[in-house]
Every structure is written in C-alpha cells, then in structure tokens.
Amino acid sequence: MLFVAATPIGNLGDHTPRLVDALQQARLIVAEDTRSTRSLMNKLGIETSAEVRPLHEHNESGVIDRVLTVAAAHQVVLVSDAGMPGISDPGYLLVAEAHRRSIPVSVLPGPNAVVAALAASGLPTDRFCFEGFVAKKGRLAALEELANEKRTMIFFESPHRLPGTLADMAHVFGGEREATVCRELTKKFEQIARGTLQSLAEEFSGGVKGEVTLVVRGQQGSGVSFDQAVEMVSARVASGEKATEATKAIARHTGHSKPELYRAWLEADA
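Residue numbers (this note's numbering): 519 to 788.
Please keep in mind that the hints were generated in silico from the structure rather than gathered at the bench. Every residue gets a Cβ at the ideal spot worked out from N, C-alpha and C, and that includes glycine. You may find that some hints are simply not true.
[Claimed, not checked] What follows is a set of in silico ranges between Cβ atoms, one per label pair, in the way DEER data are often shown: (1) A653 / V742: 21 to 31 Å; (2) D532 / Q738: 27 to 37 Å; (3) E720 / H771: 13 to 23 Å; (4) A653 / E720: 17 to 27 Å; (5) D583 / T643: 38 to 48 Å; (6) F744 / S554: 47 to 57 Å; (7) V742 / A660: 19 to 29 Å; (8) R571 / V742: 53 to 63 Å; (9) T643 / F744: 25 to 35 Å; (10) R619 / T552: 23 to 33 Å; (11) R571 / F744: 53 to 63 Å; (12) E763 / N560: 55 to 65 Å; (13) S620 / A711: 38 to 48 Å.
Build the full structure now, drawing on both the sequences and the hints.
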C-alpha cells in the first residue's frame, strides 16, 4: 500500500499520530528531501529500519517502478518537505501509476498551506482555485488570463518576487481587489496581512523573507450591462485611448469578455 502523508508546514506540533505510526511501520519511506525527513523523524522520536529513498522532480519517473514494487507487498509512505505531497511538490506521477497498477493508495491528511491560507484570508471560501506558483515568464499575460476568474485564487510565491507580483496583480486585477498575504504560516514569525492589492503592494514593496501564500478575491460583477460596457469602450476610444487598451480595461472592470467587447465595439463603430 502507498500512503500519501502530510507533514508539518512549520509548527512541529501540527503532526498527527497517524503520521508517526505510518513512518514507524513503513518498509520504505519516499521523501522529497531525505535529510529533511530524517530530521523530522528525529524530532518526533521515530525509530525505523525503513529505507529512506529520495523522490523529487528530477528523478520521480525513474524511481516509480522500484517504489511501487515495494508498495505492492509492503507499506510505503510518501512525504514532501512540508505539507501534502503532490501539491506543487513531487508525487503526482507516483500516485497516478499506483492507481494504474491497482496498488491501494491511502491518504494521511494534515497541514496544507493552501487550505490554511484560504481559511485565514477572510476571503470567500465557497469556491476557490489553486494556481500554484505565479509564472516566472510572461507573468502579465498569465495574470490577464485570470482577470475575470470569479473564484478566490490561491498562489504560491517566492519572497523576493512578491513585491513585483503584487504590483502586477494590482495593475491587471485592479488596485482595489482584496487579497491576503500569508507569510511563514504556523511558524514563529507568521504574518497574515489583509488589504487591497494596491495597499499590499506598498506594504511589501521592500521585500520579505520566508514562504508566502497569496490569496486573491475573484472578480466580482460590476452591475454594468454588456451594452453599457461597449459604450464605455467607445467613450474611452473617443477620448484618444487605443481600442485594445480600452477594451482590456473595461473587460477587467466589468467582467465582460474582452474579445466580445472588442467585436461589439467594432460593429458599433462601423
């Protein structure tokens, strides 16, 4: 059997008794970083004769067969450095192949930065999406694709890139869009800062340290009808703004489709 096990994301006290039992009884422990996992087991007082084998983004496909050969007859535990394996961490390919081979898979739930940040954000939790790490290249284009996303969005971001990301989000989503920066969750210097994208961009302009999870409110309806939005585009173009920029701005503000607004403006202007 393959156990997918969550480990503490900061505070060691967040580990579960089931995690301890699973690690103690495992024949093989598969870890993103074997040093981190051995350190965790030492801190939890876990003594085991199990092999601890690395599984990371560079070797995952190459070790799957060896790991699942063991899992077919014995207990194997998959862990990441922190949180739930497979969530922006290695493990997805291993779990998918285990299912394909009809090897039983079980999950040991526990700490997870995505859900923890959402719960602490004060933003809508009924519908949300996880976008992983913000794109390093083509960040503005990637954010443009999410401008009309109505669900609460959750991102991971590196501390040195956070100021630029917040500034770009304020530009693309609108500076008044609400968001929450969750830094160093469950750790000694935990920080949960709620505000608008503009205010957060200013607050964190000097940079931060530590791991960051960013929660952003989805696009809310503006109450502006499609016909009114087309008129707004026409007015901005008449004042000298480029049609593409005017359409982009109005689409972002109203939630209407940018291509549909542009086509309607062309027809109205013909």
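- Task: Can you let me know if the beta-carbon spacing of R571 and F744 is within 53 to 63 Å?
- Result: 57 Å Cβ-Cβ, so the 53 to 63 Å window holds.
- Query: Between V742 and A660, does the C-beta distance stay in 19 to 29 Å?
  - Reply: holds (26 Å)
- Message: Quick check: does the Cβ-Cβ distance between A653 and V742 fall within 21 to 31 Å?
- Response: About 29 Å separates the Cβ atoms of A653 and V742, which means 21 to 31 Å holds.
- Between A653 and E720, is the Cβ distance one that fits in 17 to 27 Å? Distance hint for A653, E720 holds at roughly 23 Å.
- Return holds or violated for the Cβ distance of R571 and V742 against the range 53 to 63 Å. holds (57 Å)
- Message: Does the beta carbon distance between F744 and S554 stay inside 47 to 57 Å, or does it fall outside?
- Response: holds (53 Å)
- In this structure, is the beta-carbon distance linking E720 and H771 contained in 13 to 23 Å? Cβ of E720 to Cβ of H771: about 22 Å, so the range 13 to 23 Å holds.
- Cβ-Cβ distance between D532 and Q738: within 27 to 37 Å? Given range 27 to 37 Å: holds, Cβ gap about 34 Å.
- Query: Lying within 55 to 65 Å: is that true of the beta-carbon distance E763 to N560?
  - Reply: For E763 and N560 the Cβ distance comes to about 58 Å; the hint holds.
- Query: Honestly, do R619 and T552 meet the 23 to 33 Å range at C-beta?
  - Reply: holds (24 Å)
- Item | F744 and T643 - C-beta distance against the hinted 25 to 35 Å | The hinted range 25 to 35 Å holds for T643 and F744, with Cβ atoms some 30 Å apart.
- With 38 to 48 Å as the target window, see if D583 and T643 comply at their CB atoms. holds (40 Å)
Violation of the numbered hints given earlier is absent; every hint is satisfied by the structure.
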